[in-house]
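From just these sequences and the hints, can you work out the full model?
Protein chains in written order, with this note's numbering: chain F, 1 to 228; chain E, 229 to 473.
Don't take each hint at face value.
To be verified - Calculated cross-link-like contacts (lysine-lysine; reagent style PhoX-like; alpha-carbon spacing at most 25 Å): (1) E:K424 / F:K193; (2) F:K67 / E:K466; (3) E:K466 / F:K193; (4) E:K299 / E:K424.
These aren't lab readings, by the way, just hints derived from the structure by calculation.
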Amino acid sequence: MKTREIVLPGDEVKLEGVKPRNGLHRCGESAFCSSYFGTVQRSEEYVDVVPFCGPYMPRRGDKVIGKVIEIGPSMWIVDINSPYTSLLHMNDTPWRINSGELNRYMKVGEYLIAKVLSLNEIKESWITLKDVGLRKLEGGAIISLEAPKVPRIIGKGGTMVNMIKDATLTRIVIGQNGLIWIDGVKENLAIAKEAIELVKNQAHTVGLTDRVRAFLDSKKGEIIGNAE
Amino acid sequence: MGTQSDIKLIEENGLRLDGRNPGDLRPIKIEAGVLNRADGSALIEWGGNKVLVSVYGPREAYPKHNQDINKAIVKARYNMAAFSVDERKRPGPDRRSIEISKVLSEALESAIMVEQFPRAQIDVFIEVLQADAGTRIAGLTAAAVAIADAGIPMRDFVTGCTAGKVNDKVVLDLSKEEDNFGQADLPIAILPKSKKIVLLQMDGDLSLEEFDTATSMIINAISRINEIQRNALSAKVKVDDAGGE
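Written out as structure tokens, the structure reads:
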């Protein structure tokens, strides 16, 4: 199986005339080295090193799936699968809430899909529910994967996730932080989970979409509610 | 160290007790990702040493007054299992392991990009399952692999090795007998790319020339050990491939 170029921390990455971006640090006059154990990804303008795993660091505008872990008088404290917890203020929700009544809208342990509103130098972050598609996640199941692998699950322009959605007749919401909410018939869920597991294990290989398609085709007969 | 003994640690033919040449390392084997629950882990077998390292974090540092607003704190905990040595070791931290934990934390901190994670802490648990001289260096070498396995950004690996003096001769990578009955022990850890020294301790006496010989022997060995560290990580991705097919 062909894989992408693998680098280890401290390995020099040849820039080949493009700019270094994520996962690289300066290690000499004009040399750049990898900061991670991961794969090199080259685009027309940039070189990135994408680690195989590692913590999720929130960025403004990211859509993340979080879990309420604590409730204050006017804030929910949300675990967003990152080294730092995030805050959701009651004014950043679509509901009209009185202070102290947050419990009536979201309880500890419930999941939500939210957007990172802002964050500061010391990595305190605030999230919001005020945008299209952002909501409390009811029912379904949560599965997790390493945050750096999220782009592979989504695929180019969402091809991978749409393929899994269509083939398994499930609803899938992906958070940039590596948590995935997935809902549907129990049997279909299991197959979708298997497909995601496949992407997780082979995220660094080339031609992944074709292998996932082959896997989904082989499971076609087992999907419940499939019209064909 | 320094215990008087009649044991001949180097035989007439110049070989050591275990048949090694003065510049030979003991066999080293590292496996990365051995624990599923930890964020990163590694198991190293270095001669008779067996050390298991697990890495957790970065996560919010507790207690809160320990948080550093500018960087993450690295908390390494070196611990010897009660059964790791011949005579049962009383469990728990003692003077020796507290000191080693401190120097290992500092060595690792120089390689990890701690400034990317303000207020956080990175836990590194170094559990010595079987001790056979040079456990701090074995633990540190494995810890670097475990940290890379956890996906924590690093400037470089940390690689360590020891040298020492036995029977008035400078030798690389002391074994247990050489450590106990030898004249000096010199553990050094280096960032292999930049050749920066991040840990240097010495027990016993070395003359200046001997010290130079010992350090150059170690620097020589570092590249070999680093290669083993790198292979441990690369092997992990290859296994994933086989599992996927």
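Evaluation of the provided hints:
1. E:K424 / F:K193: 46 Å, violated
2. F:K67 / E:K466: 34 Å, violated
3. E:K466 / F:K193: 23 Å, holds
4. E:K299 / E:K424: Given pair E:K299, E:K424 holds - Cα atoms ~21 Å apart, limit 25 Å.
When each numbered hint is compared with the structure, violations occur for hints 1 and 2.
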